[in-house]
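> These protein sequences, in sequence, are chains A and B. This note's numbering numbers the first residue of the first sequence as 35 and each following residue consecutively. This note's numbering numbers the first residue of the second sequence as 32 and each following residue consecutively.
What the hints contain is simulated information worked out from the structure, not anything from laboratory work. The structure displayed is predicted, hence computed values, not measured ones. Hints may contain errors.
[As the list claims (entries may be wrong)] To spell it out: a stretch of chain B is covered by chain A in this simulated footprint if at least three of its residues, at any positions, have a beta carbon under 8 Å from a beta carbon of chain A; those stretches are:
(1) 160–171
(2) 285–298
[Said to hold, decoys possible] Quick look at which bits of chain B chain A covers, simulated, 3 or more residues with Cβ under 8 Å:
(3) 44–54
(4) 109–116
(5) 183–191
(6) 256–264
From the three backbone atoms N, C-alpha and C, an ideal C-beta is built for every residue, glycine too.
Below are the chains, spelled out letter by letter.
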Amino acid sequence: MLRQTPWTLGVALTLMFVGAAVFGPLIYSVDPDAQNLMSAFAHAGSEHPLGTDQLGRDILARVLHGARYSAGIAVSVILFSLAMGCVLAGVAMWFGGIVSTALTLFSDAVYALPGLLVTILLADVLGGGAVIIIFLLWLVAWPEYFRLSYSIGQHLMNSDHVLASRLAGASGARIFRLQVVPVILPYLLSLGAISVGRIVLSIATLGFLGIGIAPPQAEWGMMINDLRVYWQIAPIQLAAPVLAIVWIVLALLILSQSMPKAKVGFG
Amino acid sequence: MTLASVLARKALLIVTITLLVATCSFWAVHLLPENLALQIAAARFSGAEPSQDLAYVVNQTYGLDRPILVQYADWLARTLRFDFGTSLVTGRDVSHDIAHHGVNSLRTVFWGFLAGVGFALPIGYFCGRFADSRLDTALTVFSATVSTIPSFLVAIIMVQIFVVEFGLATLSGTSGWTRLWVLILTIALSVSGALSRVVRAAVIDVRGQPYMQHALMRGVPERQLFWRHGAKNALRPILNYLPVVFMFLIYDVIVIETVFNYHGLGWALINAVRALDVPLMQGLVLALVLFYLCCTTISDLLTWRIYRQRAV
């Protein structure tokens, strides 16, 4: 039972965050971009639960919309990478030979590229915006998934139990469904959880640097950059996006580390 | 693997990546719907309304009226010679700017990395040696905190504490230790966060190995045993992790230099991006990527040197 505690904690923290990102802006329907200079730096109170920023925008609304922005980008990047990585791994395993060598070399080259640099280089040239950021982060995020699913898949395909079921007459699809997916999935999800956290940090960094994002957009890194000079008069306003980042990254870290996995004997 | 094959693999990787980056930035710029010449004109003669005449001049200067494939081949050839042309904003040679900022960056990155490893090794060792003790828990919380908060935040907090509150360092000038030590400490903190966890896991793993347990039971003193037989085995996963450390080092350079307003490659890159100074951006990104690849090559060579007897 004790071993389950971190897993439960990770799931609970993540679910609370997802709930806040999905339903938060619906329940707390204050416009995150509505400026009101008369109430700039309002203290936390009944009108503004977390106060307001230097332009009088509601911090709680901005944090919730920022959650939606970051989580939306991070989850899309991971889903696209997951799809691309698995499909390419499947292609490499199916054809083998020169195709798999070429794909491995190519993914190694992309993997050896510091990804954020490519995003910084191209985000503003391509015009910025969430779609461009997703595209650029995806461009460099997929090799991890390719490498993981290819190495586990390769190992499974050569294992005795797959051979046994093939001899027993099981079809390829059946082997895939019963013997490959259940083993690979926890590994991919665990990697996915940790890279969602990493991408949230990257998005905050991009926002902080002001790259690929246009100002009215509510984004945590940008909020921190705007508010950091006012930290003495607006400590709660500054702490809100910081805590949001720490919350989700920590939750995903716990989730990924404690995810129950089947052991694959890597020889 | 022989030394030659290790080096050949790395050289191939470096050339591939250089071409990849060059290709990406070329097509990104040239496939844009807006006229590149007008953009350059706008950046170069900022203030003046970009007009068709200016665009014509720019077209002539940069050879933008040639067929696109000719331009592409020319671009690749020049990239492989590290000739990026001149900055659109300052008009200086890009390679000159890279050399100038690179020296500044190298200084902080080198000391920051050394200090980070210097923190991570003892912290990780003691965590692993006394795993699950109070010390371990405390240090785990510390390193988890450092690796979950983004590095720009660490930098802001460091500036706030050491520069604003205590006045122990300055934020102006480019050299001198009063300027550099906070920067180096920030990089070191950021490096040591994740690295100390890897060291811890490696130490725990080695100490649990049967050959260690056996020697312990036969009465070999623990400390002597670890340093003589365990250290080299524990080092391997740490060396394998170094490329990840270098990757985050590159990101930290960008963010931390921007926060500290320190004129290195990262600071220059962010400024070039803000001004849409394409040649400078491309040169700086390539310089950073190549620096990263050099670091990973060195760590690979080190791994090869230490473990070559056992390499298959």
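> Can you tell me if the segment 109–116 of chain B counts as covered by chain A, using C-beta to C-beta distances under 8 Å and a minimum of three residues?
Three-residue rule not met by the segment 109–116 of chain B, so violated; n is 0.
> Verify this for me: three or more residues of the segment 256–264 of chain B with a beta carbon less than 8 Å from a beta carbon of chain A.
The restraint on the segment 256–264 of chain B is violated, since only 0 of its residues have a Cβ under 8 Å from chain A and three are required.
> Is the coverage entry for the segment 44–54 of chain B by chain A consistent with the three-residue Cβ rule at 8 Å?
It holds, with 5 qualifying residues against the three required.
> Examine the segment 183–191 of chain B: at least three residues should have C-beta closer than 8 Å to a C-beta of chain A.
holds (count 4)
> Mind taking a look at whether chain A covers the segment 160–171 of chain B? Criterion is 3 or more residues with CB to CB distance under 8 Å.
As far as the segment 160–171 of chain B goes, the hint is violated, because 0 residues have Cβ atoms under 8 Å from chain A.
> According to a criterion of three or more residues whose C-beta lies within less than 8 Å of a C-beta of chain A, is the segment 285–298 of chain B covered?
Per the Cβ count (3), the hint holds.
Checked against the numbered hints listed earlier, the structure breaks hints 1, 4 and 6; every other hint is satisfied.
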